[in-house]
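Please work from the sequences and hints to get the whole structure.
If you're matching them up, the sequences are chains A, B and C in order. Here the first sequence is numbered in our numbering, starting from 1 and rising by one per residue. Here the second sequence is numbered in our numbering, starting from 1 and rising by one per residue. Here the third sequence is numbered in our numbering, starting from 1 and rising by one per residue.
Certain hints may be false.
Restricting the straight-line Cα-Cα distance to at most 27 angstroms, the calculated cross-link-like pairs of lysine-lysine (DSS-like) are [said to hold, decoys possible]:
#1 Lys35(C) to Lys201(A)
#2 Lys158(C) to Lys201(A)
#3 Lys10(A) to Lys24(C)
#4 Lys129(A) to Lys30(B)
#5 Lys348(A) to Lys98(C)
#6 Lys154(C) to Lys348(A)
#7 Lys10(A) to Lys194(C)
Everything labelled a hint here was simulated from the structure, so no lab data went into it.
Now for the letters of each chain:
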Amino acid sequence: MIYRETGQFKTSYQADQALFPIAQDRYVIFAALIVFFGIVPFLLNEYWLNAIMLPFLIYSLAAIGLNILTGYCGQVSLGTGGFMAVGAFSIYKLMIAVPELGFIPLVLLSGLITAAVGTLFGLPSLRIKGFYLAVATLAAQFFLVWMFNKVGWFFNYNASGMINSPPMTLFGVTITGPEGDMTAQYLLVASIVAVFALAAKNIARGRIGRNWMAIRDMDIAAELIGVRPLMAKLSAFAVSSFYIGMAGALYFSVWLGAAEATEAFDINQSFLVLFMIIIGGLGSILGSFLGAAFLVLMPILLKNIMVDGFGTDAALAAHIEIIIVGALIIGFLIVEPHGLARLWRIAKEKLRLWPFPH
Amino acid sequence: MLFFIEVVLSGLMAGVMYSLVALGFVLIFKASGIFNFAQGVMALFAALTLVGLMEKFNFPVWLAIIGTIAVMIALAWLIERVMLRHLVNQEPIILFMATIGLAYVLEGLGDILWGSDVKLLDIGIPQGAWEWLWDQGIYVEKLELFAAVTAAVLVIFLAVFFQKTRIGRALRAVADDHQAALSVGISLNTIWVVVWSVSGIVALVAGIMWGSKSGVQFSLSLIALKALPVLILGGFTSVPGAIIGGMIIGVGEKLAEVYVGPVVGGAIENWFAYMLALAFLLFRPQGLFGEKIIERV
Amino acid sequence: MNTRELGDVILRVDNISLSFGVMKVLDDISFDVRKGEIRSIIGPNGAGKSSMLNVINGFYHPQQGSITFKGNTRRQMAPHVAASQGIARTFQNIALFKGMSTLDNIMTGRNLKMKTNLFWQALHVGPARTEELENREAAERIIDFLDIQAIRKKPVGKLPYGLQKRVELGRALAAEPELLLLDEPMAGMNSEEKEDMCRFILDVNSEFGTTITLIEHDMGVVMDLSDRVLVLDYGKQLADGVPDEVRANQDVIDAYLGVPHEE
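As structure tokens, then:
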């Protein structure tokens, strides 16, 4: 009853095509934006901002990127960690070489560089499909991590192979490096994520998004409507890598502050983001957020419950955590393989009728 | 020249070790269409159980092996009951993700049950250099030779099993078409328990070989990641392919590491196998022995 | 009796031969299609009819022969090029994009009419938005024409077979094709659905002037709808002419009754 659509008539295609055609959805999004931008940064303490909100936002960005490639265009990729590394190392070199360009342009640039690399590694996608493509992306993953570990130029020949984020300012506030202002970091990342999430949603519901989905659903038939498979797939790789690269750049420069290739960007990272979009929902921008929230919050919750609540030894807690994550993933895949986004949609359907049963 | 032979032989042996793990994959893929990412962890888990039974419960070797086999069969039954049964018609990527989840569960479980420190595994497999060759200046590990022979025996056994026995035939039917198999009365669930058990035993063998060679530790589970290029080369559904693919990858890797490695700073082994697999995929996506994928409109 | 004003030849197929390995699927087939015509291809199962359509629209590449469409002769062409030249088609086994809604599927048919680049699409203002709205209107006209308004937002995977076929026709029409290739558009339909589909085909032909080449098994439909009929059997051309001629042709009758040919 609350979620009734009756009485909301669309009198133009424009209204029907709006981002949130149902009025109740609009209110919810509005409220969410107010909460995220107006309330959260001032209410939550630094721990919450840094340990939870920042990684949630950054992983959401990466998840949107991977969702574009795998959820919308159907190209499975296990190279997310490697591409995040490209973003991170790009912005590192850029921050040292041309800091005067300003932080945000550097983030965009590192996204573009990653897009180029992603397009390159996407070339095999014309010949290779499905699971085999996933393996090909693993080649990218292993190669990239190896490269950022071995080739000294990337980490300025630092003995440990680590890169450290030099401090940069935005509007006079330090945004990167150990002195970074947490509130400012949060607002910056939240803004970037909001803007690019909107962009992704727009692309997804337009011609390009439809062509991606056509490739995903039946690539042979997609050619029928004039889609050139290689161009469509490469564009998906490019846009996806752009997002993942930006996520990697922010991951390193704003959140971690320092990173080493094999630790921060290894295959577990690739799995993590893939889990996020599967649990969140393939082919759904909202799903990317939900999945990221789930997989960022859950380990923290588990650790808090076990270590603080039951006093479990930290090492044991870590093992149990792994078991629970694994079990939850299996459980999710059994119960709702279409992810939280589908559960959300079902909930909305039920809300349409509530409190009536049918 | 001698050194070259040694590198090649060493590569072949390493390749056989990869093949042992790849075999487990092939079995499961053949019979259920699932790529079991947890295969490597299963090898680790099996080895951990074996060592655990021998050390903590003081089982003699033969009893420990039987005990571990029993554990793997029970595990297979559990996996079928709790996981596979509920995922019957899902897409391959979902199944794959489920096996990653399974890998995490087994990893955590193994750590909790048996501890995560490195363990020594010695069940009496001969170690040390093979004297006859060593006299000629070539170093080959007896252990690796033993592994190669074991693998050969396994392959022959599995080949016979698939071709000649009733269950083997049923397995092939299930691999081809689940519904058709069901309609002739083959119980999918039983087949899956059988397959995962056999796979578990193969994992145990792999775990024993790898564990004897470098100790039972977490890195054992990462072998799974190496098995993927092996499968690509050999074909996901071919038992002999797993062996030959393994050998090619093993030799290729070693040669690359020894001759190309120093030029680019070493540790090429991390990705060489994958690049090789990638090159293969571009020219022959079904691998050396796999079935060709034909798409009809 | 269909004696109508037909235009010049829009499609000509010359000596097409197609083999898969040792299996010869099409053997030296030649025919033409005139603009505005409704041309049927008939023949027993396995005769090579779908393969012929696949050759015309670029999915299969013939070993010999050529296709001339709107004056351009070529041996083979990529499907997306065929699409851009104005050829659209439907499939025997429905090639809809199951993950998308009816409206979205039809909108995909408008793909080649839309040009705005990634940047404008991301912003969804100005040219991108106008383009989307214009093409939405075009898609809605087709939805009206095919009377499928009620299912416009439904995911096509959930629709009954008959409706899916209609949506697939809609997607093909959305491209405003000059040549429409229909592969068994009435397969699996009851007589009521068949009547509807017949009417749609006739309307498309008369209202939009679209040239139609269709494969069908229902002889009644074929004889009523077609201007000319081509008969294939085991990849060979048996007959080619107006329905009455073909109906009386002894080879055709033999083929359908299963009387073996002399080689």
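Each hint tested on the structure:
Of the supplied pair hints, the one linking lysine 35(C) and lysine 201(A) is violated, its CA atoms being roughly 42 angstroms apart against a limit of 27 angstroms. Restraint check for lysine 158(C) and lysine 201(A): satisfied, since their Cα atoms lie roughly 24 angstroms apart, inside the 27 angstroms limit. A threshold of 27 angstroms between alpha carbons decides the hint, and for lysine 10(A) with lysine 24(C) the separation of about 56 angstroms lies outside it, so the pair is violated. Taking the CA atoms of lysine 129(A) and lysine 30(B), the gap is about 19 angstroms. The hint holds against a cut of 27 angstroms.
For a cut-off of 27 angstroms, the pair hint linking lysine 348(A) to lysine 98(C) stands: about 22 angstroms separates their Cα positions. For a cut-off of 27 angstroms, the pair hint linking lysine 154(C) to lysine 348(A) stands: about 16 angstroms separates their Cα positions. For the hint pairing lysine 10(A) with lysine 194(C), the CA-to-CA distance comes to about 34 angstroms; that exceeds 27 angstroms, so the pair is violated.
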